[in-house]
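K.L.:
Please build the complex by placing chain B on the supplied structure of chain A, with the hints as guidance.
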Amino acid sequence: MHIFLILIVLGAFIGYFLRRKKFIGKVANIVQIIVCVLLFLLGITVGSNKLILDNLSYYCGQATIISVLSILGSAIASLILFHFCFKGKDNEK
Amino acid sequence: MKSSIITVLFFMAGCLVGCTVDINVNVHDLSVYVLYILMIFIGMNIGGNMDLRSFAKNLNFRTLLVPLATITGTVLFAAIGGFILSQWSSFDCIAVGSGLCYYSLSSMLIEQLKEPSMGLHLATELGTIALLANIIREMLALIAAPLIRKYFGALAPISAAGMSSGDVALNIVAKYSGKDAVPIAIVHGILINLSVPFIVTLFCNL
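The listed protein sequences derive, respectively, from chains A and B.
Heads up: the first sequence runs through residues 76 to 168, numbered per the numbering used here.
Heads up: the second sequence runs through residues 709 to 914, numbered per the numbering used here.
Pulled out of the complex, with its shape left as it was, chain A reads as follows (with noise of 0.2 Å):
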């Protein structure tokens, strides 16, 4: 599965040769638009999918708790990455 990460790379070198080219600029909103295609096929997976659509509350409620802690951990990660790297140069207001 190594092909998306040789992908990306491949995509930076392309970017970087292409820098200068007015085309680049729009690849954010091309990148956006794959997103949308992306996720709208994502959508067709699931509403095709009885189980998954059936339980979509259930599955809410699972991806609730895992972001709810994956929130508090970086919050406090860089809480303690405050307090000890940046407190003392930059002073808060």
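No wet-lab data here; the hints were simulated from the structure.
Keep in mind the model is a prediction, meaning the values are calculated, not measured.
Cβ coordinates follow ideal geometry from the N, Cα and C atoms, glycine included.
A portion of the hints provided could be inaccurate.
Rough simulated footprint, nothing fancy, chain A against chain B, three-plus residues with beta-carbon under 8 Å [to be verified]:
1) 732 to 739
2) 810 to 821
3) 829 to 837
4) 857 to 870
Here are the computed lysine-lysine pairs in the BS3-like style, where the Cα-Cα straight-line distance is at most 25 Å [as the list claims (entries may be wrong)]:
5) B:883 with A:162
6) A:162 with B:887
7) A:162 with B:858
8) B:883 with B:858
Here are a few chain B residues that face chain A, going by a calculated C-beta distance under 8 Å [stated by the list, open to error]:
9) 719
10) 742
11) 745
12) 773
13) 777
14) 788
15) 801
16) 840
17) 841
18) 844
P.N.:
What follows is chain B alone, placed relative to chain A:
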């Protein structure tokens, strides 16, 4: 905020089409090819838009520690999810959490990478949870930013926003953490953006 609502609308439209129309095309294979195209364009976006000079200027050691803290905190706490949610292992929950708001990429990656080991059905379920979890994280990071700033300090709104600290959540970060935090937030967003495919791939294979 507007773009996250639009993407959610596309997802919902797909759901609607999926449950009403009988589709004969193999959607799974089609999405793999679209994902390949997306990867190339994401790479081009990184390679073509990287303003190397301003990037290097803000690239001191302290700034590099912020995404590291974000990833470490997320991974450690998402692992707890494995104990709360009995049907998923801690590694599954970490893979979901380490999407770090990159909902599109992480959900597709998890779906593809987990399919050989869990089967299409469970992999689709976990991909759906990853999509929902990372969208919810982005929404929470935007909505709860003042509270996060109040209780966890100036860096926390950046960490909580994950990848979107550099784009969608940048205005919110500037508002609650101050203008000094903006370069940190942008570098944070870029580095998280670069590391998500690696971390998700890593925890999917464990």
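K.L.:
Hint compliance check: list the failing hint numbers for this structure, sorted ascending.
P.N.:
Checked against the structure, no hint fails, so every one of them is satisfied.
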